[in-house]
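Student: The lines below spell out each chain.
Protein chains: 2
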Amino acid sequence: MITSLNNLFVRTLREDPADAFFPSHRWLVRAGYIRAVAPGIYSWMPLGLRVLRKIEAIVREEFDNMGAQEVRFPGLLPREPYEATGRWSEYGDNLFRLRDRKQADMLLGPTHEEMFTLMAKDVVQSYKDLPLTLYQIQTKYRDEARPRAGLLRGREFVMKDSYSFDIDDAGLRAAYLAHRARYIRIFDRLGFDYRIVKADAGAMGGSASEEFLALSPNGEDTFAYSPGGYAANIEAVTIPAPEPLPYDNAPDAHVERTPDVPTIETLVAFSNERYPRADRPWSGADMLKNVVLKVREPDGTIYPLVIGLPGDREVDEKRLETALAPAEFEPFTAEDFTAYPELVRGYIGPMRGVEQVLGLNGSAGVKYLTDPRVVSGTRWITGANEVDYHVYDLVAGRDFISDGVIDVAEVRSGDPAPDGSGELKLARGIEIGHIFQLGRKYAQALGLQVLDQNGKLVTVTMGSYGLGVSRAVAAIAEGTADDKGLAWPRQVAPYDVLLLATGKDQAVFDAAHAVATELDAAGVAVLLDDRKASPGVKFTDSELLGIPTIVVIGRALATGSVEIRDRVSGASREVPVAEAGREVLAEIRG
Amino acid sequence: MITSLNNLFVRTLREDPADAFFPSHRWLVRAGYIRAVAPGIYSWMPLGLRVLRKIEAIVREEFDNMGAQEVRFPGLLPREPYEATGRWSEYGDNLFRLRDRKQADMLLGPTHEEMFTLMAKDVVQSYKDLPLTLYQIQTKYRDEARPRAGLLRGREFVMKDSYSFDIDDAGLRAAYLAHRARYIRIFDRLGFDYRIVKADAGAMGGSASEEFLALSPNGEDTFAYSPGGYAANIEAVTIPAPEPLPYDNAPDAHVERTPDVPTIETLVAFSNERYPRADRPWSGADMLKNVVLKVREPDGTIYPLVIGLPGDREVDEKRLETALAPAEFEPFTAEDFTAYPELVRGYIGPMRGVEQVLGLNGSAGVKYLTDPRVVSGTRWITGANEVDYHVYDLVAGRDFISDGVIDVAEVRSGDPAPDGSGELKLARGIEIGHIFQLGRKYAQALGLQVLDQNGKLVTVTMGSYGLGVSRAVAAIAEGTADDKGLAWPRQVAPYDVLLLATGKDQAVFDAAHAVATELDAAGVAVLLDDRKASPGVKFTDSELLGIPTIVVIGRALATGSVEIRDRVSGASREVPVAEAGREVLAEIRG
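Those protein sequence lines, which keep their order, are chains A and B.
Heads up: the first sequence at position 336 corresponds to 336 in our numbering, and the numbers run straight through without jumps.
Heads up: the second sequence at position 326 corresponds to 326 in our numbering, and the numbers run straight through without jumps.
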């Protein structure tokens, strides 16, 4: 197929779109692959759609080859199945909800666990019908609070979601591993540089889950990894609790006036000067920082949550989001402080006065959770619930207890890996796949049971596996674009080769058409730039469009030569025009 | 590819689903091709999806070959463009509307004229960028009042919609004809028996429009055709107004008491007895029947509409719907009659008393429209707006006028074709395609202009072309299923051949696998029924599933033979097992 840029429905832009902060977003819009229709909602123009469909084809081929069976669910779904599993409300504002003309509640499917479970229930009856893997490549909807980054976080997007159905845990484990291996094949084929990391199962429920993250400094996900092989999304890092310490010899708690210490650093300095520790100086890690926020449960309940953590660490918002989900959090406002006079801004601590020791839970509806490091016997400087006063030597387990543990402190490069495999490093990535061992949550909620070998009804166990197909378009662009534009890997490029005819000489256009025809006959998808435009415009567009092989037919034709450029490496060489077709074919197929 | 029925995700049903009134719906569900998720919303199971994708592939191939460029728009769209063209409100309850988390109004796209217009506006700048044809194969949403008939009238469905952009009317006409020819190719390839009929453009706007109707006694559309080549959807039939008649010699109108004439027939009989006409007897066609209903405009305005038409004809609801759109109508209730005492139930007529002649428009907000046959000089018997009284010799144009013409009377077999091409006959069909010459409505509303050859800005003219892809699955099934199940034409069948291994003899299964392997190697899509089920179950399923060629490997194998059956014709023949593969191949490729 030869497509002429004279006819191709595309318009390249010389300026960045105002809202594009990510290279993939910038270049996909500028090169005329996609256009925004609303925040997080995009149209696919011909070039973009070709990339999308190539990725779809690779995913479909791999899933067909693993024996998965393709189905397709609607995007518009009834409320009831999602009500049965609780997700109708748990999804919160992320779910697009609507009513039809008969006032029936409906939703736009954010993911289809419920529907697949019901379809399996309709068809499978006995253990002989298992194992079973179903998949679809379909449009999904999530009303993201901050749609941004172009296709990387859309509100309407294309996903491959698949589901495994097994009679027992060993079956689920095998299905999970088969999917994991298939994802590796797919992401390798797509040319991603990616890591598989432990993930939090989140609203999906279930036990084991892993994410495939394409490495990218712009990735929304941060993960931690160690030289010994530990790798986890920051949301899924669990800090092991240290052993409790004896506190028999710990000094008694004492409240002290601590004026003019607005920060942890000034409090540490003040404390080392006025109330030095015998064994070593106080550090930020000895301060018990208490952060207060408001939690909103899906049922609408709102209450203050105080999180106690070492003073040298901040609360990581993403870890907090994950830990609280499906509840959400909001800042604690000046008004809230007025409503809760027990909570003295800047001086919150887990005691109410010198004599009165209690968890904040004792105070009107305030929940108090502490970092895993706050184990029994640890000794802290913390707020005394009075302006300008802190309490010293407040010992966990002796002087206060919390309502539980919350593991939401920031994870830092250099922290020990939770599994003892060395020091953690941090990196960022784009989630391109997520695989879950769901277990029986959905099967139970929706009654998916089969007869086992003994004729007994047992609940099926499921896996759920997502792969972002439209997101992959952007993730590949993000990883391959350079400062001149897109630079597609060959397997997903919209065209194999871009032929540039530059100059005004008819011989140039004739030669370009001849090479195009030769390549087309060999089954190559050719994009031919035979526009009446300046060489400068054509070169700029050729870099912007990102077709992997560029053939320039121009001035050198006078001496019988054409130039073959590699878009990615920038390497270029001259070949005789008569050999251009063969040389390009060798490059494409090599 | 060999698929074993042991593994295929399918369950056939022995009973009809309760809500299935159409053969296609019944069989597609019973054969395990689709499942309902909500009224008018279906999931595709593997067999159904294979048929859908085969149709998609044929449509895509034909559109690519005509030089149309594929794009893809979102299903979830912002309100603004649809507001600009008026369709946000005109679509009424048929539009799925929703709000996102920021309370922005959004909709689920029922069709994408606005979006295509805006995308073209983004890209095309001059006449040199035209003509242009864009298309998508995409999921659409309409909140049908009466979703029924399975995929024939769904609320979520897959459509190919394409749009042509031209600089002038001649270009539009050429694009329209190219589409028309391409539709003919596609529907021929899909094996439809169809007619192309004149259509009403409806809410779409624009001028010329034609529908492709697949002939079917169950079709929702009725069309009229004549021996001379006239063919129009019943909604698009226009009755030409007869020439006005002179009324100089017509008798004066006179009101008469007409007790006990509850029907047109009894009024005719009464009139012929008591007030006979000199020239010929009165007939139903001389009665001016006045039907009253309530009209609701998209802006919410409601008013009574009285339609005057010959007494021997009923109002055709579909023609009325079309004539009033985007307004809708409702019955005129007893309460409404109380609110409008001028309208005397059963005795409505276009005069208010013997002396007072006026259009009903003179009466409080009541609109009066008449059938095209009610031309000046026609002489009627009609209600006198008083119980038990009619007026005789009421002459149109002399004694009353109406507010306009409304062409909504039923069209009957035997009526003359509007173009004089003979007597009309009626038939029913399923709308599988609809092509429109939109003109400049959308381009004007959304500012799609380009520079013409003289450097002047001109508004682009557009065509819009729809083809129901998911509906085609059902329409083909509707036309091909018999009393045993589905019977697919080869080009859309989910598999090429169904191999039945019947009996318990291992040799049978071995032979079936051998034939399957041979066919698979030749590129044939083989479905193999090697289940441990009775021959009866297998035969029943083989008829239900509708695969065009069935090979039975069973008892006859003892004498070296297998049976090849044709699902559609029912023809069957025995061939030596060694030749089975070759014979099947010949049949498939024949």
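Simulated from the structure, these hints should not be mistaken for lab results.
A couple of the hints might just be wrong.
Pairs involving identical chains hold if they fit within one copy or between any two copies, as the list cannot separate such chains.
Derived EDC-like pairs: lysine to aspartate or glutamate, alpha-carbon spacing no greater than 16 Å straight-line [to be verified]: (1) 128 <-> 321; (2) 367 <-> 336; (3) 532 <-> 122; (4) 54 <-> 505; (5) 318 <-> 16; (6) 102 <-> 144.
Student: Looking at the structure, which of the earlier hints fail to hold?
Tutor: 1, 3, 4 and 5
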